[in-house]
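Participant: Here the protein sequences come in this chain order: A and B. Numbering that gives the first Met the number 0 applies: residue 0 is where the first sequence begins, and numbers increase by one. Numbering that gives the first Met the number 0 applies: residue 0 is where the second sequence begins, and numbers increase by one.
Some hints could be false.
Which copy is meant is left open, so a pair is good if it fits within one copy or across any two.
[Unchecked claim] Below, simulated DSS-like cross-link-like pairs (lysine-lysine); rule was C-alpha separation at most 27 Å, straight line:
(1) 164 with 383
(2) 133 with 31
(3) 15 with 212
(4) 133 with 365
(5) 32 with 298
(6) 383 with 212
(7) 80 with 15
(8) 175 with 365
(9) 385 with 32
(10) 133 with 32
(11) 15 with 325
(12) 234 with 364
(13) 298 with 364
(14) 313 with 162
(15) 302 with 234
(16) 15 with 302
(17) 313 with 302
(18) 57 with 15
(19) 31 with 234
(20) 335 with 32
(21) 325 with 234
(22) 212 with 19
(23) 383 with 31
(24) 57 with 162
(25) 70 with 335
Note that these hints are calculated values from the structure, not bench results.
Residue strings, one per chain:
2 protein chains.
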Amino acid sequence: MDNFNFSIPTNLVFGKDRHKEVGSLVASYGVKKVMLVYDSGKFLVESGLLDEVRDSLKGAGLEVTELTGIKPNPVISLVRKGVAQAREFGAEFLVALGGGSTIDTTKAIAAGVPYDGDVWEYFANAIGVHPVFKALPLGVILTISATGSESNAGCIITNEELKQKYGCGGPALYPKFAILNPQITCSLPRYQTAAGVCDMYSHICERYFTNTKNTLAVDAMSEGLFKTILEIGPKLLEDPQNYDLRAEAMWIATVAHNDTVGVGRVQDWATHDMSYEITNINDLTHGAAVVIMLCAWMKYVYKHDLDRFVRYGKNVFGLETEGRDKEAVALEAVEKTEAFFKQMGMPVRLSEVGIDASRFDEMAKKACLNRGEIGAFVPLDEEKVKEIYQLAL
Amino acid sequence: MDNFNFSIPTNLVFGKDRHKEVGSLVASYGVKKVMLVYDSGKFLVESGLLDEVRDSLKGAGLEVTELTGIKPNPVISLVRKGVAQAREFGAEFLVALGGGSTIDTTKAIAAGVPYDGDVWEYFANAIGVHPVFKALPLGVILTISATGSESNAGCIITNEELKQKYGCGGPALYPKFAILNPQITCSLPRYQTAAGVCDMYSHICERYFTNTKNTLAVDAMSEGLFKTILEIGPKLLEDPQNYDLRAEAMWIATVAHNDTVGVGRVQDWATHDMSYEITNINDLTHGAAVVIMLCAWMKYVYKHDLDRFVRYGKNVFGLETEGRDKEAVALEAVEKTEAFFKQMGMPVRLSEVGIDASRFDEMAKKACLNRGEIGAFVPLDEEKVKEIYQLAL
């Protein structure tokens with residue numbers, strides 16, 4: 000194991016009806032004035048969730064102002080509006096009701112309120128260069144498990160004028176609490192559900208395929224999570240309203256992305272980097288793009304560490320290994336992975352999503368733009384990335 | 000899954016040489032005056048660890064006062080002495096260098112310094128009744144993985160005058176950081192090492208054997224940890240200086256006891272409750288006492304949920320289940336568990352540690368004294384506890 004630091008400072012408040020506790024949770028921080036931030040979709044209103052959250056906040060004696068209008072790829076103009084509104088109102092605490100875009104907007108507002116300059120300065124300087132040590136405290140009610148923003152200390156915002164998309168972060172941006180109520184995810188459409196499940200799987204893969212040796216405990220925990228995803232994924236498509244299955248999925252999404260199974264090893268993330276160039280072109284759901292690249296990536300890298308892929312095949316898919324050629328086992332494990340994604344109704348080839356080889360030069364160039372090489376299990380330069388896109392056709 | 004809350008607010012600083020960072024870690028909290036608390040054993044001096052810690056603190060420009068003399072079952076008189084010393088010195092931060100006793104003493108001092116009354120009032124009122132919301136911040140350098148006190152918010156102290164042993168706790172008592180350096184554990188004696196490994200195993204058992212349904216992800220993660228312990232335990236006895244094995248053991252000890260695999264389900268803990276009556280009699284190492292009771296407990300309860308024990312046998316020991324009688328599989332799983340503890344050189348019967356049936360009335364009575372029944376998988380009253388002690392003979 001490599002040296003590492005690990006903590007989960009956010010209070011993860013998990014389970015049925017827990018969003019109704021938001022008022023008492025906020026009040027426990029000794030504050031009175033709260034800004035509630037949420038997206039402009041119909042779901043929050045039609046499901047009654049928005050009203051329940053309002054009732055809980057007001058029932059705890061809190062004064063509430065609201066900011067809405069958040070859309071995917073959240074923008075700095077709305078953050079600036081939120082900073083002004085929070086200051087004018089005298090907000091002492093922020094509550095994000097939504098997914099990654101809402102949480103990230105709320106975090107940016109939290110950073111901006113006590114900051115003397117323009118909040119974009121945090122982003123213009125990028126994560127690590129100008130960390131956020133001072134921010135309003137915030138809490139989250141999660142409506143879709145995806146980005147992990149509910150329990151990390153970063154956020155990503157787009158500057159529409161400058162046409163830049165940057166992140167910022169710092170210890171002050173960890174949400175104080177994040178309410179994870181699986182009931183809220185029961186109405187997620189089939190495709191989004193499947194994409195979410197496959198995305199979790201990929202988050203574990205990015206950590207599991209590593210060159211770091213002696214990672215037995217996190218390997219075994221990862222394999223347990225892989226197997227659980229294989230078990231619940233197809234059941235969830237058959238029975239999307241099943242609370243117990245939604246609960247497993249929501250908790251696995253959190254565990255898969257908060258480094259419980261990532262500590263102590265070098266992680267890869269090339270699959271994610273390559274997938275961003277797909278979604279940049281055609282707005283494909285993130286989970287679908289990741290799946291396409293994960294299948295191709297596995298086919299490209301498995302020879303680099305056959306033993307790792309054999310362990311994966313044996314412990315996750317129960318493949319017979321004795322007396323068999325390692326490469327055959329490894330390839331079968333890759334095939335089984337791809338078959339699972341297909342079973343979940345995901346595309347597994349670029350050709351299925353309308354991308355042909357004519358884009359590969361441009362995609363590979365952009366994927367490697369910042370660092371020259373991406374990934375760690377097998378470092379990938381532009382040429383290698385192009386070969387993987389080719390395998391994904 | 001049941002509803003739950005989960006967080007790990009303590010920054011777990013894991014790996015080689017990390018104790019040398021203690022100075023910069025403390026200084027990052029903007030403090031100047033530190034009290035270092037440590038036990039009176041020879042190890043800290045002879046290993047050079049104490050000097051390295053002193054150097055790190057002083058090297059970060061911190062002023063240091065020291066309190067030593069802590070022994071197992073830490074006492075309130077030393078806590079009171081520490082409170083007075085910390086106040087006189089003007090300590091702004093406390094550092095515990097040691098195991099559970101040192102950490103608990105340090106936590107109690109942290110609670111006592113800003114408290115107007117006598118610190119024992121926190122304990123006399125017991126956990127939950129009088130929680131600690133205000134305390135000096137503290138950090139930990141762990142020298143033995145056992146109690147989990149390094150990343151929880153509780154402590155247990157003995158009042159020698161009143162002959163009482165009580166706990167107290169509260170959010171202010173979470174250590175800010177806990178340094179886990181596996182190198183420090185490389186010199187642990189064989190028996191302590193084995194007892195620690197078996198104790199970890201029991202901590203997962205207490206969470207795994209539950210009546211809560213639909214706990215797939217935490218089940219699978221638990222089984223991964225069980226298997227890893229079975230793999231590394233015997234290797235560690237053969238090769239005690241092996242850093243990689245020590246690292247696995249140290250991290251599993253943390254994960255097994257911080258509810259990573261315990262969330263969302265009713266936990267049992269009857270095995271631990273019964274084991275305390277052994278250590279009350281003969282000072283047996285905690286891990287050894289737990290192992291004896293775990294074997295007997297399993298034999299007593301397995302019929303309550305054969306499917307659970309079959310799953311355990313199949314997923315942890317790889318037992319063949321098809322076409323076999325469930326009870327046979329369950330019993331084989333229990334036998335395999337006991338065989339592992341034997342392989343680790345642990346006693347598995349009360350008769351091996353000099354306890355006979357003449358003590359069972361008294362032991363069972365004391366074990367059930369506070370709550371009438373202990374455990375949750377199968378609730379156990381005095382009579383049932385006695386039957387389990389009988390099975391442990």
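Participant: Indicate, hint by hint, whether the structure satisfies it.
Facilitator: Now the hints, each set against the structure:
For the homomeric pair residue 164 and residue 383, the shortest alpha-carbon distance inside one copy (26 Å) is at most 27 Å, but the shortest distance between copies (64 Å) is not. For a Cα distance limit of 27 Å, the shortest separation of residue 133 from residue 31 qualifies both inside one copy, at 19 Å, and across copies, at 21 Å. When the C-alpha separation of residue 15 and residue 212 is checked against a cutoff of 27 Å, the pair qualifies only between copies, where the shortest distance is 15 Å, while the shortest distance within a copy is 40 Å. With identical chains, the CA atoms of residue 133 and residue 365 are never at most 27 Å apart, being 34 Å at best within one copy and 51 Å at best between copies.
Within a single copy, residue 32 and residue 298 get their C-alpha atoms no closer than 54 Å, and across copies no closer than 57 Å, so neither meets the 27 Å cut-off. Within a single copy, residue 383 and residue 212 get their C-alpha atoms as close as 25 Å, which meets the 27 Å cut-off; across copies the closest is 47 Å, which misses it. Taking the shortest alpha-carbon separations for residue 80 and residue 15, neither the intra-copy value of 34 Å nor the inter-copy value of 47 Å comes in at or below 27 Å. In this assembly of identical chains, the alpha carbons of residue 175 and residue 365 never lie at most 27 Å apart, being 36 Å within a copy and 41 Å across copies at closest.
For a Cα distance limit of 27 Å, the shortest separation of residue 385 from residue 32 qualifies neither inside one copy, at 52 Å, nor across copies, at 57 Å. For a Cα distance limit of 27 Å, the shortest separation of residue 133 from residue 32 qualifies both inside one copy, at 18 Å, and across copies, at 24 Å. When the C-alpha separation of residue 15 and residue 325 is checked against a cutoff of 27 Å, the pair qualifies neither within a copy, at 46 Å, nor between copies, at 34 Å. Taking identical chains as interchangeable, the C-alpha atoms of residue 234 and residue 364 are never at most 27 Å apart, the minima being 40 Å within one chain and 48 Å between chains.
Taking CA atoms no more than 27 Å apart as the test, residue 298 paired with residue 364 passes inside one copy only; the shortest distance there is 21 Å, against 63 Å between copies. In the homo-oligomer, the alpha carbons of residue 313 and residue 162 never lie at most 27 Å apart, since the shortest distance is 47 Å inside one protomer and 55 Å across protomers. Taking CA atoms no more than 27 Å apart as the test, residue 302 paired with residue 234 passes in neither setting, with 33 Å inside one copy and 29 Å between copies. For the homomeric pair residue 15 and residue 302, neither the shortest alpha-carbon distance inside one copy (45 Å) nor that between copies (31 Å) is at most 27 Å.
For the homomeric pair residue 313 and residue 302, the shortest alpha-carbon distance inside one copy (16 Å) is at most 27 Å, but the shortest distance between copies (31 Å) is not. For the homomeric pair residue 57 and residue 15, the shortest alpha-carbon distance inside one copy (21 Å) is at most 27 Å, but the shortest distance between copies (50 Å) is not. Taking the closest pair of Cα atoms, residue 31 and residue 234 never come within 27 Å of each other, the shortest separation being 44 Å inside a single copy and 57 Å across copies. Taking identical chains as interchangeable, the C-alpha atoms of residue 335 and residue 32 are never at most 27 Å apart, the minima being 52 Å within one chain and 58 Å between chains.
Taking identical chains as interchangeable, the C-alpha atoms of residue 325 and residue 234 lie at most 27 Å apart only when they sit on different chains, with a minimum of 26 Å there against 31 Å within one chain. Taking the closest pair of Cα atoms, residue 212 and residue 19 come within 27 Å of each other only across two copies (24 Å); inside a single copy the shortest separation is 45 Å, beyond that limit. Taking CA atoms no more than 27 Å apart as the test, residue 383 paired with residue 31 passes in neither setting, with 55 Å inside one copy and 52 Å between copies. For the homomeric pair residue 57 and residue 162, neither the shortest alpha-carbon distance inside one copy (39 Å) nor that between copies (49 Å) is at most 27 Å.
For the identical chains of this complex, residue 70 and residue 335 are neighbours neither inside a copy (36 Å) nor across copies (56 Å), given an alpha-carbon limit of 27 Å.
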